[in-house]
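Chemist: Please model the entire structure based on the sequences and the hints provided.
Take 1 as the starting number for the sequence shown in full-length UniProt numbering and just add one per residue.
Where hints are given, some of them may not hold.
What the hints assert, rightly or not - Cβ pair distances, simulated, as ranges:
{"#": "1", "residue 1": "D119", "residue 2": "S79", "range": "18 to 28 angstroms"}
{"#": "2", "residue 1": "D21", "residue 2": "G76", "range": "17 to 27 angstroms"}
{"#": "3", "residue 1": "R9", "residue 2": "K165", "range": "48 to 58 angstroms"}
{"#": "4", "residue 1": "Q17", "residue 2": "M64", "range": "21 to 31 angstroms"}
{"#": "5", "residue 1": "G49", "residue 2": "A19", "range": "16 to 26 angstroms"}
Honestly, the hints are just simulated from the structure, not real lab data.
Cβ atoms here follow ideal geometry from the backbone N, Cα and C, with glycine treated the same way.
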Amino acid sequence: MFGCLVAGRLVQTAAHQVAEDKFVFDLPDYENINHVVVFMLGTIPFPEGMGGSVYFSYPDSNGMPVWQLLGFVTNGKPSAIFKISGLKSGEGSQHPFGAMNIVRTASVAQIGISVELLDNLAQQTPVGNAAVSSVDSFTQFTSSFCQGVVKDISGFAHLRINEKKQARK
Numbered sequence: 001m002f003g004c005l006v007a008g009r010l011v012q013t014a015a016h017q018v019a020e021d022k023f024v025f026d027l028p029d030y031e032n033i034n035h036v037v038v039f040m041l042g043t044i045p046f047p048e049g050m051g052g053s054v055y056f057s058y059p060d061s062n063g064m065p066v067w068q069l070l071g072f073v074t075n076g077k078p079s080a081i082f083k084i085s086g087l088k089s090g091e092g093s094q095h096p097f098g099a100m101n102i103v104r105t106a107s108v109a110q111i112g113i114s115v116e117l118l119d120n121l122a123q124q125t126p127v128g129n130a131a132v133s134s135v136d137s138f139t140q141f142t143s144s145f146c147q148g149v150v151k152d153i154s155g156f157a158h159l160r161i162n163e164k165k166q167a168r169k
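Modeler: Encoded structure:
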């Protein structure tokens with residue numbers, strides 16, 4: 001039903017189902033992860049009126065899990081990119097994974113997905129710095145490219161003007 005992707009690693013599509021409506025992906029070596037992509041595989045949609053809240057969990061200094069809400073996925077928004085690199089020092093939030101007996105290792109973080117009513121998802125507030133810029137990479141590339149072209153043309157024009165001034169002397 002879900003997939004999880006970290007740059008430079010294989011795609012994970014076999015989430016551990018820890019309850020009927022809760023799924024977990026393990027993220028080994030989480031200290032070296034900046035962003036994570038959570039997506040629906042397209043094989044099983046959410047039931048009508050349902051979606052999935054996405055949580056990030058890492059072990060605190062005592063080895064206890066700290067869960068933070070990243071955002072959500074729905075049938076209408078089947079994928080999302082989350083920045084997790086700055087979350088490791090933050091405070092935890094309320095989460096639906098507290099009573100679960102989830103097996104974990106000290107150097108492994110987890111992404112948890114909880115299937116919930118869309119009305120409940122709308123009332124939740126994700127961690128502020130987990131959101132990734134809404135400007136897509138093509139827009140960023142195009143903007144940078146155009147700025148570079150303008151800079152190069154300006155430099156070339158300035159060079160040609162100086163050459164003409166030197167020729168007049």
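Chemist: If a hint holds in the structure, say so; if it doesn't, say that too.
Modeler: Against the structure, the hints come out as follows:
1. D119 <-> S79: 18 to 28 angstroms: Since D119 and S79 have Cβ atoms about 22 angstroms apart, the given range 18 to 28 angstroms holds.
2. D21 <-> G76: 17 to 27 angstroms: holds, 19 angstroms
3. R9 <-> K165: 48 to 58 angstroms: holds, 57 angstroms
4. Q17 <-> M64: 21 to 31 angstroms: holds, 23 angstroms
5. G49 <-> A19: 16 to 26 angstroms: holds, 19 angstroms
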